[in-house]
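Novice: Full structure from sequences and hints, please.
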Amino acid sequence: MSDKAGKDKAGKDKVLEKSPVETAPLEPGSQSTHMDLASATPDPEGRAPITLINVREGMFSGAGDTSGFGGLVQAVQMPGKSERPYGEWFDAVVDILEELLGDDAQDAFEYVVVDRGELTIYVARDHLLTLMTHLRDDQDLRFEFCLGVSGVHYPDDTRRELHAVYPMHSITHNRHVRIEVAVSEDDPHIPSITSVYPANNWHERETWDFFGIIFDGHPSLARIEMPDDWQGHPQRKDYPLGGIPVEYKGATIPSPDTRRQY
Amino acid sequence: MSPQTFTTNATGAFASDDDAPEYTAYGQDWSEIAEEAKRLGQQRIVVNMGPQHPSTHGVLRVMLEIEGETVTEARAGIGFLHTGIEKNMEYRTWTQGVTFCTRMDYVQSMFQEVVYCLGIEKLLGITDDIPERANVLRVLMMELTRIGSHLVAIGTGGNEMGATTVMTTAFNAREDTFRIIEMITGLRTNNAYIRPGGVVIDAPEGTVDYIRTLLPDIKQRLDELADLQLENPIFKLRLKGIANLNLSSAMALGVTGPMLRSAGLPYDMRKTNPYCGYETYDFQVPTSTDEDAYSRVVLRMEECYESLKLIAQCCDRLDAMEGQPVMVADKKIAWPAQLALGPDGQGNSLEHIKHIMGQSMEALIHHFKLVTEGFPVPAGQVYQQVEGPKGVLGVHLVSDGGTKPWRAHFRDPGFNHLQALSILCQGGQVADVVVAIATMDFVLGGVDR
Chain R
1 MSDKAGKDKA
11 GKDKVLEKSP
21 VETAPLEPGS
31 QSTHMDLASA
41 TPDPEGRAPI
51 TLINVREGMF
61 SGAGDTSGFG
71 GLVQAVQMPG
81 KSERPYGEWF
91 DAVVDILEEL
101 LGDDAQDAFE
111 YVVVDRGELT
121 IYVARDHLLT
131 LMTHLRDDQD
141 LRFEFCLGVS
151 GVHYPDDTRR
161 ELHAVYPMHS
171 ITHNRHVRIE
181 VAVSEDDPHI
191 PSITSVYPAN
201 NWHERETWDF
211 FGIIFDGHPS
221 LARIEMPDDW
231 QGHPQRKDYP
241 LGGIPVEYKG
251 ATIPSPDTRR
261 QY
Chain W
1001 MSPQTFTTNA
1011 TGAFASDDDA
1021 PEYTAYGQDW
1031 SEIAEEAKRL
1041 GQQRIVVNMG
1051 PQHPSTHGVL
1061 RVMLEIEGET
1071 VTEARAGIGF
1081 LHTGIEKNME
1091 YRTWTQGVTF
1101 CTRMDYVQSM
1111 FQEVVYCLGI
1121 EKLLGITDDI
1131 PERANVLRVL
1141 MMELTRIGSH
1151 LVAIGTGGNE
1161 MGATTVMTTA
1171 FNAREDTFRI
1181 IEMITGLRTN
1191 NAYIRPGGVV
1201 IDAPEGTVDY
1211 IRTLLPDIKQ
1221 RLDELADLQL
1231 ENPIFKLRLK
1241 GIANLNLSSA
1251 MALGVTGPML
1261 RSAGLPYDMR
1271 KTNPYCGYET
1281 YDFQVPTSTD
1291 EDAYSRVVLR
1301 MEECYESLKL
1311 IAQCCDRLDA
1321 MEGQPVMVAD
1331 KKIAWPAQLA
1341 LGPDGQGNSL
1351 EHIKHIMGQS
1361 MEALIHHFKL
1371 VTEGFPVPAG
1381 QVYQQVEGPK
1391 GVLGVHLVSD
1401 GGTKPWRAHF
1411 RDPGFNHLQA
1421 LSILCQGGQV
1431 ADVVVAIATM
1441 DFVLGGVDR
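Protein sequence lines correspond, in order, to chains R and W.
Residue numbers for the first sequence follow this note's numbering, so the first one is 1 and each next one is one higher.
Residue numbers for the second sequence follow this note's numbering, so the first one is 1001 and each next one is one higher.
Worth flagging that the hints you see were computed from the coordinates, not collected in a lab.
Since this is a predicted model, take the numbers as computed values, not measurements.
Heads up, a few of these hints could be off.
Stretch by stretch, here's where chain W covers chain R in the computed footprint (C-beta under 8 Å, at least three residues) [to be verified]:
| no. | stretch |
| --- | --- |
| 1 | 73-87 |
| 2 | 216-230 |
Pulled a few chain W residues facing chain R out of the computed Cβ check, cut under 8 Å [claimed, not checked]:
| no. | residue |
| --- | --- |
| 3 | H1082 |
| 4 | I1085 |
| 5 | N1088 |
| 6 | R1092 |
| 7 | L1123 |
| 8 | G1125 |
| 9 | I1126 |
| 10 | A1252 |
| 11 | N1273 |
| 12 | G1277 |
| 13 | Y1278 |
| 14 | G1380 |
| 15 | V1382 |
| 16 | D1400 |
| 17 | R1411 |
Ideal Cβ placement from N, Cα and C applies to all residues, glycine included.
Specialist: Following this line, the structure appears as structure tokens:
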């Protein structure tokens, strides 16, 4: 881990050197690493809607990259925005939602992705609760089940580091939609949808516990898996896995998180 | 935002009254506490059931507030079996992940393997390339596990209510399903048998005949269980009209599986969103409208019989597909080791070792690369659901294009079901809490992951 931390620091210095216009200086301890992507990524407000999953340097991560590709920087991105027609019933669902949201639709929808036969709608957090209410109540949508909320941490996706993913399932129409909300680590607030989907109560507690996303309006946002006095949010990428090297007959096998990552 | 912002305690004291007397009871010393409580004239008693209780399918803590024999408030506290499986999976290859997720809910392990592998296959875009024989073997494994899981639910449920014979009969029948699973995979539980791209080894010769000889035994034990329980007046008195959960509550709380079907909705992922070829099998989805604990037990029994029908159909198909592949043709995804079944479980095939060590340098390189690095999965995310014995089991997988999951999140049905504990218990008798827990059917290993 110390290697990685050292690299991050170097990366940050580089960023500040390269782009003096960078307005929000990174807080100490924050793991947001622009690195060389800063130049490739314009201001987050104006950049193409896409989720940057990871920035790989070299062929393998960490120390021990003897491949000679140490200077290689690759940005790994989620499948990008899809254009209409989305196909199947996807257009209909998006149309109905746009109609129901009215003037807010423009602000509410960040973008829509159709990938591997699944529809993902990226939603601005301010409109999440209204959108969820429509998803549940409208007769043409009728997503009876919200199957929980799964947090995902993308440390390189600047100012959109934490994603909350809501898989929605409609029994009436037998449809499946994914609603995704992205927030920054500095302001990890998302409205709780427990008033619409009570089943999400524990799921939101779990996502708070593991990722530190704060669900505003949750009746009792306490830790659920970790002990109450636990420090930190274990499923974040900057939280180490831990583990000790295994020794056997003099040979040492490093713990899984310090092994070379491909 | 520091964690201290929130003062609410999930695992702390239930009542924060310093003057309230506190007792700790282990086993049989309740009478003294009852006397003491009577002397003090306390009406409102908070009972902390657990975090170690034999009837709780793992380590669960139930906090009950009781007045006399009536439960006025019930809350479940979980997290005692949290092992960080999801976090660990992010540091292992996609293939290694199977051995992790199979250990989450150790009673329905095959389902976790299947849902995880189906998710990876969707990410890879090879869902349609999975050989038919592999799909049949997957269905066979899932249905055997479904019987096993239901038998554990029914058996331990009976044990919790004081009927040890129910447990021994159920576990004997479950042992038969394990015999079949062991013959095919080499292991009784936590098999790591289903892998991305297919299954790890083909069923050995004679498996189908063996299953056919065991099926009547399993059926006979199921009949025994049904005879023992379903018309037993004590059993009916304990379960009928107890721990009710109506359809609207079940839907609001995301309850699925036999719990939802007992409330009248014939919802089964195998029928609505078929996977592994379930649409080609002939089976029914037992449903009830009684919405009580008794109907849930009856539904689980009926589902076991439906699973037997499915297993018989799998046997016929396996006969017809003798010798067909059980892993995708793409060698970059298929596990290179060509595992074989030895007397001590799964192991490397000697043929394969001979080939890579003695004949082909290239094969050795590929073996080494694929085993140490794993195969890359294109970046993206998917959600996959299957109908587990306990309810809808979902997995959310994110790949960053590497050989390890960026995120793997499992939606265990028990996690949702436990939220319904309050609705099932409040206003009922203390003794019925055990009935509610027994017929909800969850395993804390899966809930906490």
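Novice: I'd like to know which numbered hints this structure contradicts. Please list them from smallest to largest.
Specialist: 4, 9, 12, 13
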